[in-house]
Amino acid sequence: DIQMTQSPASLSASLGETVTIECRASEDIYSNLAWYQQKPGNSPQLLIYDANSLADGVPSRFSGSGSGTQYSLKINSLQSEDVASYFCQQYNNYNTFGAGTKLELK
Amino acid sequence: QVQLQQSGAELAKPGSSVKISCKASGYTFTSYYISWIKQTTGQGLEYIGYINTGSGGTNYNEKFKGKATLTVDKSSSTAFMQLSSLTPDDSAVYYCARVILQPNLRYYFDYWGQGVMVTVSS
Numbered sequence: 001d002i003q004m005t006q007s008p009a010s011l012s013a014s015l016g017e018t019v020t021i022e023c024r025a026s027e028d029i030y031s032n033l034a035w036y037q038q039k040p041g042n043s044p045q046l047l048i049y050d051a052n053s054l055a056d057g058v059p060s061r062f063s064g065s066g067s068g069t070q071y072s073l074k075i076n077s078l079q080s081e082d083v084a085s086y087f088c089q090q091y092n093n094y095n096t097f098g099a100g101t102k103l104e105l106k
Numbered sequence: 001q002v003q004l005q006q007s008g009a010e011l012a013k014p015g016s017s018v019k020i021s022c023k024a025s026g027y028t029f030t031s032y033y034i035s036w037i038k039q040t041t042g043q044g045l046e047y048i049g050y051i052n053t054g055s056g057g058t059n060y061n062e063k064f065k066g067k068a069t070l071t072v073d074k075s076s077s078t079a080f081m082q083l084s085s086l087t088p089d090d091s092a093v094y095y096c097a098r099v100i101l102q103p104n105l106r107y108y109f110d111y112w113g114q115g116v117m118v119t120v121s122s
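Top to bottom, those sequences are chains R and L. Counting in this note's numbering, the first sequence runs from 1 upward without gaps. Counting in this note's numbering, the second sequence runs from 1 upward without gaps.
You may find that some hints are simply not true.
Pairwise CB distance ranges (calculated) [to be verified]:
#	chain 1	residue 1	chain 2	residue 2	range
1	L	S16	R	T20	43 to 53 Å
2	L	S75	R	S12	19 to 29 Å
3	R	E17	L	S16	42 to 52 Å
4	L	Q102	R	G68	17 to 27 Å
FYI, nobody ran anything at the bench for these hints, they're computed from the structure. We treat Cβ as the ideally placed atom computed from N, Cα and C, and that holds for glycine.
The shape of chain L in the complex, shown without the other chains:
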């Protein structure tokens, strides 16, 4: 069965970076893009961007350009997201999700990871 297993919770200091992972199993990793989504109580769900797991090509929500960097390791079927220059506003649960890309290039998400809580505090 399709599974997206994310890394564990992170506690980080302001100004630092964190890199969280999303290991896929149960399907051909390079056949589906992976997206990342941020969830907070205040802002709800915010789309960060996606990575083409085959080519490594990326697309970012303008709001997260410079904040998030998406990478992939095909050999381990794992996607990564690095968050840099952390501030308390980056405290959130971050999900990876498998992308269903339609012929019209629009897409939604059919499987989600369990989420990673990132807490930014001094």
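This is chain R alone, in the form it adopts within the complex:
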């Protein structure tokens, strides 16, 4: 199974700040990577697919990048509504998820 190592596990940031969350795959996943946002008490919502494609309706302050085994999610100009947990998912070889990053406001 492909292991997804996500970092950091938790993050505290200020409004307006830029935040970066990373995922490292145990082998090349050829950009077959998605990012999801899960607000407290809610189900996950798709943010990014194919490593860097923005899902419908997702604000442009969210962006994804990376290749090979290293991927990142960047949130520009952090808003209060971005407080959530974020998960990566590789779908190159079956499906596995990262352990998540909990983002809080400082």
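We have chain R; now place chain L onto it with these hints.
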């Protein structure tokens, strides 16, 4: 708009089974597979498997073979997951999710249900 409406919370005894549902609306049900995902605090998100809503064909994560059984009722646009021989380790929130299947047969999930909490306790 696309919606996946799941059934309510379940409290079950060890050794029993539960069957949870996922009713789809807002799109052509048979045009998209449905997947099921388990979420726990300890193990995070775990992929269970998918069902081809048109043919009823299924694919399971090896870990959940024998534990989960996926079925579908096209007439009501509803997918089901039965969990059998329940143990406390099966206590979790279970989500259904609509599958985006790419030409290369890889897939991710664009809409998720609200989740069903299953608690296994004597």
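Against the structure, the hints:
no.: 1; hint: L:S16 <-> R:T20: 43 to 53 Å; result: holds, 45 Å
no.: 2; hint: L:S75 <-> R:S12: 19 to 29 Å; result: violated, 50 Å
no.: 3; hint: R:E17 <-> L:S16: 42 to 52 Å; result: holds, 49 Å
no.: 4; hint: L:Q102 <-> R:G68: 17 to 27 Å; result: holds, 19 Å
The structure fails hint 2 only (numbered hints given earlier).
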